[in-house]
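**Student:** Protein chains in written order, with UniProt numbering: chain A, 1 to 538; chain B, 1 to 455.
Since the hints were derived computationally from the structure, they do not count as laboratory data.
Cβ coordinates follow ideal geometry from the N, Cα and C atoms, glycine included.
Keep in mind that a hint or two might mislead.
The following label-pair restraints were derived from C-beta to C-beta distances [stated by the list, open to error]:
(1) A:Asp-241 x B:Arg-441: 41 to 49 angstroms
(2) B:Asp-440 x A:Leu-326: 42 to 50 angstroms
(3) A:Lys-129 x B:Asp-358: 41 to 49 angstroms
(4) B:Val-77 x A:Glu-330: 54 to 62 angstroms
Heads up, incomplete: computed chain A residues facing chain B, CB under 7 angstroms, no partners named [said to hold, decoys possible]:
(5) Pro-51
(6) Thr-55
(7) Ser-112
(8) Lys-183
(9) His-452
The lines below spell out each chain.
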Amino acid sequence: MKDSKAGIEEILDDVLQSYPAKSMKNRKEHILVKDRNKSELKIKANTRTIPGIITNRGCAYAGCRGVVLGPLKDVVQIVHGPIGCSYYAWGMRRHQGLAAEGGKNFINYTFSTDMQDSDVVFGGERKLKEAIKEAVEIFNPSTIMITATCPVGLIGDDINSIAKQAEEEYGITVMAFNCEGYKGVSQSAGHHIANNEIMDNLVGIKDKELDYKYPINLMGEYNIGGDAFEIERILHKIGYDVVASFSGNGTADQIKYSHEADLNLVQCHRSINYIAEMFEEKYGIPWLKVNFLGVDATIESLRNMAEYFADPELQERTEKVIAEELAQIEAPLNRYKELFTGKTAFLFVGGSRAHHYQNVFKRIGIETVVAGYEFGHRDDYEGREVIPDIEMTADDRNIPELEVTKDDKKYRLRISQAKKEELQQKMPLDYYGGMIKEMEDGSVAIDDLNHHEQIKLTEALKPDIYCSGIKDKYTSHKMGIFSKQLHSYDYSGPYAGFKGHLQFAEDIAAGILNPSWSYITPPWKEKTTLEGSFGGGE
Amino acid sequence: MQDLVPKEFKERNSLVINPVKTCQPIGAMYAALGIHGCLPHSHGSQGCCSYHRMHLTKHFREPVVASSSSFTEGASVFGGRANLETALKNIFAVYDPEVVAINTTCLSETIGDDVTSIVSGMEIPPGKTIINASTPSYVGSHVVGFANMVKAMVKQLSEKREPAQTNNKLNLIPGFVDPGDIREMKRILEAMDIDYILFPDQSDVLDTPLDGNYKMYPDGGVTIPELKDTANSKATIALGALASQPAAFELEKMHDVKAYTLKTPVGIKATDEFLMQLLKITGQEIPAEIEKERGQLVDIIADTHHQFHGKKVAIYGDPDIVISLTEFTLSMGMKPIHVLTGTPGKDFEAEINKMLKDADWESNVAAGGDLFQLHQWVKKEPVELLIGNSYGKLVAKQEDIPLVRVGFPILDRSVHSYLPKIGYKGAMLLVEKISSALLDRKDRDTDFELTEFVL
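Bound-form chain A, shown alone (with noise of 0.2 angstroms):
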């Protein structure tokens, strides 16, 4: 580590002494320097944005309409709202589609029903009813989801009876979110919202009859510069089929038989954890957390899923995939080792990657001394054993909490009790552990994370990289600091699994050693400009 641990205590003290009485005591509580000694690493997360901050959060649309429904491809999303939500849910996040064979593709469009004053006065209902009849002309979809932006909860259109009609009318599944922006204190409201409609409404109402050996779903991946393909050519190479996508390179309907999987795989567990429990509860389908960021994760992600299988010949395909994959990119891996050994990140990502890309980073040798989430929750930081400690607040009671029961019909416990206690002990099988347990000591878990500690953060840590989102991408380059964005993974990807490692770590390359960062100071201020004698000196 850079600096010692007192150093640290200083440098926060500093960054918390601007502000008010009020929002320095609210602040302190969500920054925590790792100490192994410690017996409790308590981090205040998923409370209320202080107002006039200047916060890197989004809203519960964006987490819902966004992040989980985007990328949905065969489906039309329709966003009731003013046109700006929907028009802002184009193509703006990376989460790639190729349609399936035959199938539809409404990655690339947006659809809103571009609500006008007369709307909000007289109410959107006609408008959003019809907007929805006009969908189905042109386009003849299998599915439609509706969600709501800001004014509709307020106005009180009501789009779930409406979705219920067109339904009915239709004779296609159309559901609808009550994801209005306000809701809760971030897009992980959005997820939740999206979760409960999805389990409650989508998953289970179409039986299949696969003949998959290994069936799985993944969930929390959304396919992001193309992660998702990159997963799903290592895990098809294996053996292993996957049912559904919660939601990356996705469809709703192979959503609506996802039941029949026989284990989950929780890549982000923030976004998609209500889901997975969901699952278990009513189809007896256990979920483990992986990994295939980083290759370190993505072995040990890989050897989980087949010891939970529990089939030699599988586990024998899995270790020859591991060991042909990453014959590949061993050796490149370890000549960018050499080469960035010594360097420290800064990572400040929504509410699961800030975690995943420690491995990522260490295997390439740099040290993450700072790392955060926009709207993780304590669980996300902690591990799950936190949860039933954790206080709710007036914003989370407005969110439903939907109760699944066993599906009689179609719940099949896929592993004995006795066996998943056993796995337990050795893989996170609904499990997941947090952030925290893999930080350096001394190094800063911060939550929601906003300008004026980026910057006061940064000119103390003065890390080599500064990787967050595309609004504090550019601060950090003003800054001389080269900053990678691992939202869009800056317009390039995958960075999942095997080849997904090699290409970050060509990517983090090109950052660093790119000229540019080398001619910031001007030749002229750098050395004298008197050269020699002038005009009769000596």
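Dock chain B against chain A, hints included.
**Tutor:** Then chain B, alone, in the frame of chain A:
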């Protein structure tokens, strides 16, 4: 893939598909960034603010900083007063801006928060300024939001000198254009030796150098004393009726500063009109340097007319820029046959139709349309070139038509915001882009054996 766009047209009254507009607050945020030392503030839930910052950042590849009231459900029901008060307290303590420019979203507008009264009841630190504009997302588009914030600048700040005395300056409102355009406008005014107040001015704000020092409030932007002084100017030129006219009219109404509305000076005719108006108001002369540039532009178009004459083109984007681009393509001898904006308004259609009246072909013109509609037009009657923002790429790719990127937003190319599209210099760059796009296509489609070096 845009392969789900059918050729046969079905009337749509409620479903918008792939819009050619976005909502008001982003325009207001952009306008506010053109004030020196200003922090734009979004009074609503924080998603809007993040989206708007994100989108501007993608267009300019520059930091775009703004704050939000971060509404929760409680505030959405009971009003956002407490949120705004807390926000302003934090903003001044932590970020110390000279000015806070507040815009509203559909949330705070629907619940009816009275921002003016909330702010007037607050104690703000001495020497600091707060302005606010009402920018409901369910009215108009981002250009209307821009206009509303610019209007708020003069409405809430302009001050007549006592006793009345002119500052001998010209007010210039550049409209929703890029820093590169604003630099070019300043160059022209300075070449003509005209004393001016230009607002909002995003040059040196959204095109700052990388020198290792991050400045939250960059050097650029119109200052508060300048905005106050707009009341004492000789006249106001508003470039782009939709974006700039409301502020100019407000100044005329409040302080009797004569307002002249002109087209965004893209192309020869609109630039000529701009310069002629400058001449009339100021009595200055056109410098030889500028006259030479004009002659060079005419020379270029005459010399290369065969590259673009008679070519069918579809133009889409924001009204002020589309009107000027349509006029420019006409003056180059091209045929704009589909012209569309997402921003609603009858004036746009009237203006375009007036321009096309003498043309001997049928044109499709729509205000309040979307890219899906434009795509259907193109399917029905193909064009050889598309001119508009980055989203037209979907049509360009599907129909295999070259695209020249002009307007907002341009997300998939860089450098554009540094270069002008206005004035004679900007027109030269546009001709270069248009002819290159057409010739690249011609080269690509020409058999190897028939490839030529001089075109």
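**Student:** Could you work out which of the previously given hints the structure breaks and list their numbers from low to high?
**Tutor:** none
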